[in-house]
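> Chains A and B, in that order, are what the protein sequence lines are. For reference, each letter of the first sequence is one residue, going 1 to 134 in this note's numbering. For reference, each letter of the second sequence is one residue, going 1 to 314 in this note's numbering.
Simulated from the structure, these hints should not be mistaken for lab results. One or more of the hints may lead you astray.
[Unchecked claim] Just so you have them, the derived chain B footprint on chain A, three or more residues with Cβ under 8 Å:
| no. | segment |
| --- | --- |
| 1 | 23-30 |
| 2 | 45-59 |
| 3 | 72-86 |
Values in this document were obtained by computation on a predicted structure and should not be read as measured data. Glycine included, every Cβ here is placed at the ideal spot set by N, Cα and C.
If you want the building blocks of each chain, they are given just below.
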Amino acid sequence: MARPIRVLVAKPGLDGHDRGAKVIARALRDAGMEVIYTGLRQTPEQIVAAALQEDVDVVALSILSGAHNHLLPKVVDLLKKENVYDEMLVLGGGVIPDEDIPGLKESGLAEIFTPGTPTQVTIDFIKENLKRGL
Amino acid sequence: MNLEKGILNKDKRAAARLITMMESNDPEAIRIISKLYSHTGKAKVIGITGPPGAGKSTLTDKLAKRLRQENKTVGIIAVDPTSPFTGGSILGDRVRMTDLYTDPGVFIRSMGTRGHLGGLSKATLGAVKVLDIYGFDYIFIETVGVGQSEVDIVKAADSVLLVMVPGLGDDIQAIKAGIMEIGDVFAVNKADREGANRTQVEIEMMLEYNHSQWKPPVTQVVALHNKGIDDLYDNIIKHLNYLETTGQLIEKRQQNSELEIIDLIQRDLMERLVGNEEKRTTISEMARMVANRQLDPYTVSDNLVKKIIANDNF
């Protein structure tokens, strides 16, 4: 039997709103995934350390503070530095203006999900884009 | 990545990957652990158990920090339940341990129970071995929030810390069989709440009937505010020293190994009996005959087991 998909759900930066992160965590759980929830106000270093130790398939970053252009690429860079980026799908979610999305994708985010995205869209995206086998 | 070299060179990626593979019962991971088995046994393994919301994760965080003050390295395995309906899970113990994430002397791994009852996952013992080979001085295993009878942690740990909180029940709860029997050290957490003294007395009265040489100490703590942690830490270390000086550590590990071997035999036999589609089909066919009362289930089971014993290739 194939193992479950493991997803780290993290909140980088200083905003304290984790309702969205919890909704997505719950939806991924109900889709049969193992969701490691790390809590609020994480630095990119903390997120990458957790992703590495948990050996996850997906790093899902929820951010509402406006600092996405700084923090999300930082997570990707650190994952690359630790040699784990090639096996991890990195996703962003939250209040992120459309014009910022191409730049974030260029920096290594696989997809950005903005408010109103049905959770099923995220689930399907994960299942279709995993970088390593189960 | 060469996993065998990696784990010996303290590469956390290798440890993380080996645990993933042990969770899938991967033969390559089992081969590596078997080969490096002589490297295990150095770490002291501490189990932390108790009801949901008692503060197990917060206490684990504080005790790990206490050990880091002594320059000891710490591996943490935190188990949370898997949904029996979807197979999914939310592993949320890390939320209480965020300060430890980037500490080079700490490794935290969350595991879902994946259908296993008893408070741990099937691969927890495998994960402990991985962290032991890596070279952590202490390994904490935090169980799922337990009820009255999830006592698998006894088979996995050298010393078991049972975390209780005030207000869960009266002294009848304290003398029931099961979970209350497995603590080597007790903590009454959230001791700033009403009823902490009473809970402590009830646990202590229950322990008076206990005739072993070691009297489990009961410590009041407030994990969130770091109160009582030094006393609790001292009591855990005392118990570990007691086990070592009385020769009970090796005795306990022998008992645990015996139980582990029996578990593995069960798993391997089950795998060989019902592990593939073809064998499943055989059993389904026999089930049809059992349902029609042409055969009885005892004879079917007996014949299948005899087949394994008679024919090693079954």
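> Tell me, which hint numbers fail for this structure?
As far as the earlier hints go, not one is violated by this structure.
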